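> Take a look at the letters that make up each chain.
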Amino acid sequence: MPDHQWNEMLAEASSEVLETMFFTGVMGAAQPDPADTWPRLTARLSFDGQPSGVLTLRVSEPAARALAANFLASEGDELPSATQLGGVACELANMVCGSLLSRLGSQNHFRLTSPELVSPDAGPPPEPPDQSLDLGDGVIDLWLRVDQHAV
Amino acid sequence: MAFRVLIVDDSSVMRAFIRRIILLSGMESAEFLEAGNGREALDLLRKEWVDVVLTDINMPAMDGEQLVRCLEADELLKSVPVVIVSTDGTESRIQQMLTLGARGYVKKPFMPETLREELERVLGGAYA
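Residue numbers (the numbering used here), protein chains in the order written: chain V, 1 to 151; chain S, 1 to 128.
Each hint should be verified, as a subset may be incorrect.
To be verified - Pairs of lysine to aspartate or glutamate residues, derived as EDC-like cross-links and limited to a Cα-Cα distance of at most 16 angstroms, are as follows: (1) Lys78/S with Asp43/S; (2) Lys107/S with Glu117/S; (3) Lys107/S with Glu16/V; (4) Lys78/S with Glu117/S; (5) Lys107/S with Glu19/V; (6) Lys47/S with Asp74/S.
Derived by calculation from the structure, the hints in this document are not laboratory data.
Remember, it's a predicted structure, so these values are computed and weren't measured experimentally.
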């Protein structure tokens, strides 16, 4: 499958998950902003099947807080804990990956690893993200690496 | 009428989300038990009665597929209905889990009303 089709499906899967489970709309593609120096949370999981691959999701701290508040229905003065923010980032990555793979219409099922937070020292993949989504409160970046030999 | 739900998921935020969605969807009489994997769920089910189990598939220690197999093999527990709540939405997986004995399947992401409808279907109207 060509890269642009994967990217389209990744954008569709992300929008579906954000709207359905996080009650958050995507405002469009995020533009690079050198002034945005917010810390980022990065979650990663791999999937095994036909095809296999790795999904990496990076979310800025303001976006993570807004998503966690929606997902967990936190009250205004009740800030999500760091553990909850990490859990929300991991669950978002998990659901985006599941939604993406469901779109393949495969007859075989996939094995997903449990999503894990990536240490800030490890950093994101060196290449530009495949999708960069503006949520209004912040940005989500997504990288998808697919083992094309298995497609 | 009150009913008891066992939520099995290794993600504590997902367990909290499911709890919230059930309460928000008008099923305020629900009581909740939680487990982080299939093994913890089995331990709980041998001590506590529940009306329905909502379980993820992909979990450490014992996954949802193994949990369903164990419940089906247990004379005392096989009558407890299990609904799968999973990101794995492939048709083959859904059919596999239903064949193993799961009574329902909710694909993540899901609309709140989808979970409520599945719970009502599995539990029957008395709990709605």
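> If a hint holds in the structure, say so; if it does not, say that too.
Hint-by-hint comparison with the structure:
no., hint, verdict
1, Lys78/S with Asp43/S, "holds (15 angstroms)"
2, Lys107/S with Glu117/S, "holds (13 angstroms)"
3, Lys107/S with Glu16/V, "holds (12 angstroms)"
4, Lys78/S with Glu117/S, "violated (22 angstroms)"
5, Lys107/S with Glu19/V, "holds (15 angstroms)"
6, Lys47/S with Asp74/S, "holds (14 angstroms)"
Violated hint: 4 only; the structure is consistent with all others.
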